[in-house]
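Asker: Residue-level listing of the chains:
There are 2 protein chains.
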Amino acid sequence: MSVETSKRVTLETLQDKATRLRIDSVRSTTAAGSGHPTSCCSAAEIMSVLFYSVMRYDPRNPHNRDSDVFVLSKGHAAPILYAAWAEAGAFPRDKLLTLRKIDSDFEGHPTPRLPFVDVATGSLGQGLSVGAGMAIDAKQFENSDQRIYVLMGDGESAEGSLWEAAQWAALHRLNNLCAIMDINRLGQSQPTMLEYDLEIYRARWEAFGWQALLVDGHDIPDLLAAFDTAKRTTERPTILLARTLKGKGLIGIEGLEHWHGKALDKDTAAKVITELETHLTDAEWTPNIPPKRPNGSEATKSGKTARKPPYAIGGKDVATRRGFGDSLAALAKTDPRIVVLDGDVKNSTYTEEFENAAPNRFFQGYIAEQNIVGVAMGLAARGKVPFAALFFVTRAFDFIRMAAISHLNTKIVGTHCGVSIGEDGPSQMGLEDLAMMCAEPDFTVLYPADATSAWKATTLIAEHSGPCYLRLGRPKSPILYNPDEKFAIGECKVLRKSTKDRALVVAGGVTVFEALAAYEQLQKDAISIRVIDLFSVQPIDREELIASARAAGGVVITVEDHYEHGGLGDAVLSALAQESVRAYKLAVREIAHSGTAKELIEKFGISSGHIVNAVKSALQEVAATARH
Amino acid sequence: MSVETSKRVTLETLQDKATRLRIDSVRSTTAAGSGHPTSCCSAAEIMSVLFYSVMRYDPRNPHNRDSDVFVLSKGHAAPILYAAWAEAGAFPRDKLLTLRKIDSDFEGHPTPRLPFVDVATGSLGQGLSVGAGMAIDAKQFENSDQRIYVLMGDGESAEGSLWEAAQWAALHRLNNLCAIMDINRLGQSQPTMLEYDLEIYRARWEAFGWQALLVDGHDIPDLLAAFDTAKRTTERPTILLARTLKGKGLIGIEGLEHWHGKALDKDTAAKVITELETHLTDAEWTPNIPPKRPNGSEATKSGKTARKPPYAIGGKDVATRRGFGDSLAALAKTDPRIVVLDGDVKNSTYTEEFENAAPNRFFQGYIAEQNIVGVAMGLAARGKVPFAALFFVTRAFDFIRMAAISHLNTKIVGTHCGVSIGEDGPSQMGLEDLAMMCAEPDFTVLYPADATSAWKATTLIAEHSGPCYLRLGRPKSPILYNPDEKFAIGECKVLRKSTKDRALVVAGGVTVFEALAAYEQLQKDAISIRVIDLFSVQPIDREELIASARAAGGVVITVEDHYEHGGLGDAVLSALAQESVRAYKLAVREIAHSGTAKELIEKFGISSGHIVNAVKSALQEVAATARH
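So the sequences go chain by chain: A and B.
If you're matching positions, the first sequence starts at 1 in this note's numbering and goes up one per residue.
If you're matching positions, the second sequence starts at 1001 in this note's numbering and goes up one per residue.
Calculated from the structure, these hints are not laboratory results.
Keep in mind the model is a prediction, meaning the values are calculated, not measured.
Hints are not guaranteed to be accurate.
[What the hints assert, rightly or not] List time: in silico PhoX-like cross-link candidates among lysine-lysine, alpha-carbon distance up to 25 Å:
| hint | chain 1 | residue 1 | chain 2 | residue 2 |
| --- | --- | --- | --- | --- |
| 1 | A | K598 | B | K1616 |
| 2 | B | K1262 | A | K316 |
| 3 | A | K476 | B | K1262 |
| 4 | A | K95 | B | K1603 |
| 5 | B | K1598 | A | K262 |
| 6 | A | K598 | B | K1262 |
| 7 | B | K1095 | A | K603 |
| 8 | B | K1316 | A | K476 |
| 9 | B | K1598 | A | K266 |
| 10 | B | K1476 | A | K101 |
| 11 | B | K1476 | A | K266 |
| 12 | B | K1316 | B | K1101 |
| 13 | A | K139 | A | K308 |
| 14 | B | K1476 | A | K262 |
| 15 | A | K262 | B | K1316 |
| 16 | B | K1603 | A | K101 |
| 17 | B | K1598 | A | K95 |
| 18 | B | K1101 | A | K598 |
| 19 | A | K308 | A | K101 |
| 20 | A | K476 | B | K1101 |
| 21 | B | K1266 | A | K598 |
| 22 | A | K101 | B | K1598 |
| 23 | A | K333 | A | K139 |
| 24 | B | K1101 | A | K603 |
Bound conformation, chain A alone (with noise of 0.2 Å):
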C-alpha cells in the first residue's frame, strides 16, 4: 500500500508540499502574533510525507470511517496541521490567517470545533493514548484497516502517561498504530532531556514493546521508507524516531535555542518567506481517498433497555457501585456501543459483570487511569460509549479536563467516593471529585443514593450524550426507590415533605440515609423537615431546590461525604444564591482517617446527629434574629 502510494506523488512534490506547509506555519503566526513556527518547522516534511503520501482520507470528509487518522499530539504546532488540511483542499488557504483570533475555529491549539480534529491536544502526552484508543477500535470493532498516526514532541516523551499508552498498545499488539517522535532537541525553555541521544529512545520504546525506527526527519525518501516498514509490521506498533532541528527551513532561526513559542516579526517573517519560495515547485496532487466500506458501522446504534433494576424496598443492602455493575452489564446485551475500561479493580467496581456479559468491549488497562481515560477519550472519538470506572479519578484530572474540552462522550465513574469507603483511610477515598467533575462546564455529574437510581443513572449517562460522571460509594445500603421511579440528569428527588417543614436538608449518597434518620429523630420533637436526594448534582434542580427552600422557611442545611469546599453544598448554595436562605454546610472538613464508615460518618460530622443538632441550632439562629 505505502509503496503503491508514494509511487501517486514524486519525491519533488513532496518537499514542495513541505516548503508551503512552513510558509503557512509562519505566516498565520506571524499574523497572530503568536504561536510555534519552530515547532511546526521541524515536522514539515513528516506532515508532508503522512498528508500527501502514507495517509489514505477525503480532505472533505474527514469522518470517512475507513480513513486514516492523525492526531496531534504536540498540540502546539497547530498552524501545520491547519496548514496541512488546507493544502490538501479541506478548506481555503485564507482561513489560515484567522488563527488564534476570537471568531475562527483555528485556535492556539487544535480542538474539535474543527471536523477534522478528534480529540483536543495542547496538554502534552496525551495523544498516544487517545490514539491506542482509535486504533483497537478500528482492529477490534470496526474490522477497518484504517491506520492511526500520532504525532509527538520530544519534550513531552518525559510525560509518564506517554508510557502507559505505550505499554497498553503493544500488550494489544497495535500494529495499526503508528507514532512518530519530531526529536528537535529543544524543549519550551531549555534542551530536553535526552537531547539527540536517539539510542536511548530507541532502546525505551523497544522495551516497551514497540518497533522503533530511527529516521532523519527531514528526509523524505527515509520517512515513505520508514512509513512503509510501519504499515507492513504485524502484531506490534511502530514509532518513527525522526531526528530533526527546531524551525528547519526558517534561515537565521534553525536549530538555535530561545525560539519557542514564538512568531516571527514581520520582517523576519518576509524574509524568510522569501527564501522559502525559491524552492517552490509547482507540483499537482490528488488525495488517496479509501473505497466507501460496504458496510457501515452499523453494529454501534443504540438499543433501550427494556430491563429494570433488580432491587426491591425492603429488601437486601445493596452498594451503589453494585448497582453500577449491574446495570453495566445489562446494558451490555442492549448497547453495542458501550465499551468498558478498568484499571484493576473491576472486582470492586463490578465492572467484572461487564467483562462476562461483553468479555470483547471490555479492557482491562491495569493501573494506569490516564491511559484508561485517553483511550476512553479515543473510543468516543470513534462512536463508541466508553466508561471508565476508577478509584483515583483525581490521578486523570488533566485528561478527563481535555475530554470536557474535546466534548467528548466519556462516562468517568468513581466508585470508592467519601469517607465510608471506612479502613482504608484518606489515600483512597475520593473526596475531592465533585469539585473537579463539577468544575468542568460540560461534564453531567450524577449521585446517585441507593442501587436502584445507579442502575437507573447509568442508563441515563448511558444514553445522554456528553461527558458523564458518576459518583458512587462503596458501603451496602437499603433500596430507596422502586424499580419504576423514574430519573432524569437534572432532577432531584424529594423524599420526606409536608407543609409544616421548617428546614430543608439536602443530602446526597451516604447522607441520604442520614437525612432520612435525622428526619424521624426531629419528628420526635415535633420538628417537620423537608429531605432532598440530590441525585443530579450537575445539572442541578434549581427550580425544585427554589421551591423547596421557600417551603422549609428559607433554612438549608446540605450534608455530603465530600470535602467542604465545591461539593454538593456549593453547588446548592450556587443554586439558591439569589435566595434569601439561611444555609448550612455539613461537609468533611478535614483530612480523614481508617475507621468504620460509621465511625467516620459520625467523626467528620455528617452523620444524622449532626444534621439534627444543625436544624435545631439554625432555627435557633432565625427565632433570636426574627427576636431582633
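Given the coordinates of chain A, work out where chain B should sit on it, guided by the hints.
Answerer: Then chain B, alone, in the frame of chain A:
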C-alpha cells in the same frame, strides 16, 4: 558497609524476622477484619533484610538526619511496615492490633501521623518520586551518605509517574536511591501485565538508566548481595527486581489469585500462624544506628527577607507571574530552605530568575508534572521548602491530594490561569484550579491581583508551614498596591468603600481591574459599590466579607476568571451562607476559546461591562422584590 552490616546478624535471624513480620501482618489484618496480608507476605524477606541488616537507623528517632529512609510506595502493605518498626523496637507490638481503628494512627495505608512515615502512600506509583526528592536532598544539600529505599509493587509499574521518577533519578545519578519491586505477579483483580517476565522489567529499567538486579525476593543471601551491589554502585540508582509469591508463607494461600485485599478469617489465621510459629527461632538483634553527624542541618534555617517589591503604583504594568519570579529570586538570597522545580516553563513562570540566583537549588523537572510534585513532596519531607511552578496543575492533582493528606510543606504555583492567558486557547488555561486546590482542606490558596501582592504572597507562603497554592496570571496588569502594603493569609483587601455602597463586588486576579473599572462606570450613574480584592481564597476573610456584604445592602456580585463551580464565587457564597444576601456569580460558564485576553474576558462574561450590568439588574431585582 553492607558486608559489615550483614555480618552483624545471621541469616537465621533475618529469616526469623521475616516469619515474625508475616505473623504480625496476618494477626493485625485479621484483628482489623480487612487489609492486605498477602501483599505484605510477598515482601517479608525484603523487609527483614532491609530493616534488620541493610538499613542504618534509630528505631526511637526515625528523623535522625543520617538515618537511611524507607518509603513504602505499595502503601497497602502498611501492616508489614508497622510490624517492621514494632519488631525494631519503635513501639510496643500490641499497638499493631489497633490497625485500621478510628482512634489509631496505624491507618489502612501509611500516613505521617506516624513518626516513621514521611509521606502518605496508598495511591500507587508515587513513592519513587518522593524517594528521588529525598535522595537528591541527601546528596545535594546534606552531604549525607543516607540511603533511600523505596518498596514498590509490580502492579504500580503500570503508572506512568513511575517512569517519570525513573528517568529523573537516573538523570541525577541518584546512586543513593534504591528501589525494590516486589514482583508477586498478582494485581488486585487479575495477574499483572508482565506477570513474571523479569527480562522485560530489566530491559525497561536499564533503558531508563538504572542498574537492574534480578533477585529471588525470598532468598535472603540473594537480597543481601543485591543490596550490597546497590550500595557500592556509583553514578546510577539501582532497582532490585524481586520475584516473589503473593501470600508467601501462608499455607493454602501462597501464590493464589483472589486473595488481594482480604484478611484471613480467624480460623484460617490461627492455622497459618501456628504453622509460621514452627519456624521461629529466638535470635538477637540490635539496631545499626548511624553516628550523629558533627554538623546538623543548620543551613536549612530560614532568614526573613527585608526586601520589598520593586514596583510602583502608576509605573509599568507587570504580570503577577513576574512578581512571583522576582520574589522567589529575592528569597533565594535569604532563605536557603527554598528549592524550585520547573516543568520546562521557567521562562514563562519566571522561575529562571531563581535559577539565576541559586542554580544549585533549582531543578529542571522537564514536562512531567506528577514527578515534579512528587520530588517536591520528598524535599518537603526533609525540611526543604519546594516551589513547583506549573502550567498544568491538574496533571498532578493526585500527587497534590497526597501532599495534602501528608500535610507537606509544598508550594504549588499555577502561572497560566484563566481565559486571560489569551491566544493559546482552552487547553492551556487553568480554569478549574481553584476548585481542586480549595477542595483540599489543608491547602492555603492565595490569588494576588498585581505584581506587588504576588511578590508578597510568594513570601507569605514561603514562610507559612503547610501546603499552599498560588494562583497567578499571564497578562501584565497595573500595580495596585504600595510596596509597604501589608498582606496576610486569610485577609482580603477592600479597595473601594463608602457609606453609600449598594452592592459588594468580590473579585480576584485579573477581574479586580474589571471590578475597579465597573466602579468608575457605576459612579457615573451615581451607584456606589464596594470592591474587594479577595487575595486569600482559602482561608477566606469571612468577617470582612460579612461586614462588607451587610454594609452594601446584601447585594453581592462575585467575578472570577475561573469556571463557575468551585471557584472564588463559591468560596464567597459559602462564607456568606448564613447571611441574608442576594449573590450573583460571574464566571466562565462554557469551554473557552482562543482570542486576546480582553476579548475573552468580554466573551465569557467577566468584564467590567458585565459587572455593571449585574449590579444594575441586581439592584432592579432587589427593588422589585421590595415592592411586592
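Asker: Look at each hint and say if it fits the structure.
Answerer: Each hint, compared with the structure:
With a C-alpha separation of about 49 Å, the suggested pair K598(A) and K1616(B) falls outside the 25 Å cut-off, and the hint is violated. For the given pair, K1262(B) sits about 23 Å from K316(A) by alpha-carbon distance, which is consistent with the 25 Å threshold. This hinted pair checks out: K476(A) and K1262(B) have alpha carbons roughly 18 Å apart, not beyond 25 Å. Pair hint K95(A) plus K1603(B) holds up; C-alpha atoms about 22 Å apart against a cutoff of 25 Å.
In summary, the hint linking K1598(B) to K262(A) is supported, as the alpha carbons are separated by about 21 Å, within the 25 Å threshold. Taking the CA atoms of K598(A) and K1262(B), the gap is about 21 Å. The hint holds against a cut of 25 Å. A distance of roughly 22 Å separates the Cα atoms of K1095(B) and K603(A); the hinted pair therefore holds under the 25 Å criterion. The suggested pairing of K1316(B) with K476(A) is violated, with an alpha-carbon distance near 61 Å, which exceeds 25 Å.
About 23 Å separates the Cα atoms of K1598(B) and K266(A), which keeps this hinted pair within 25 Å; it holds. For the suggested pair K1476(B) and K101(A), the alpha carbons sit about 20 Å apart, so the restraint of at most 25 Å is met. In summary, the hint linking K1476(B) to K266(A) is supported, as the alpha carbons are separated by about 23 Å, within the 25 Å threshold. With a C-alpha separation of about 58 Å, the suggested pair K1316(B) and K1101(B) falls outside the 25 Å cut-off, and the hint is violated.
Using a Cα cut-off of 25 Å, the hinted pair K139(A) and K308(A) is violated, with the two alpha carbons roughly 33 Å apart. About 18 Å separates the Cα atoms of K1476(B) and K262(A), which keeps this hinted pair within 25 Å; it holds. Distance check on the hinted pair: K262(A) and K1316(B) sit about 23 Å apart at the alpha-carbon level, within 25 Å; holds. Proximity of K1603(B) to K101(A) is assessed by CA-CA distance (about 12 Å); at most 25 Å being required, the pair is judged to hold.
A C-alpha spacing of about 23 Å is found between K1598(B) and K95(A), which places the hinted pair at or below 25 Å, so the restraint holds. Only pairs whose Cα atoms come within 25 Å are accepted, and K1101(B) paired with K598(A) is accepted, the gap being roughly 12 Å. Distance hint between K308(A) and K101(A) is unfulfilled; the C-alpha atoms sit about 50 Å from each other, more than 25 Å. The straight-line distance between the Cα atoms of K476(A) and K1101(B) is roughly 20 Å, inside the 25 Å bound, and the hint therefore holds.
A threshold of 25 Å between alpha carbons decides the hint, and for K1266(B) with K598(A) the separation of about 23 Å falls inside it, so the pair holds. For the hint linking K101(A) to K1598(B), the alpha-carbon distance of about 12 Å falls within 25 Å, and the restraint holds. Taking the CA atoms of K333(A) and K139(A), the gap is about 21 Å. The hint holds against a cut of 25 Å. The straight-line distance between the Cα atoms of K1101(B) and K603(A) is roughly 12 Å, inside the 25 Å bound, and the hint therefore holds.
When held up to the earlier numbered hints, the structure conflicts with 1, 8, 12, 13, 19 and fits the remainder.
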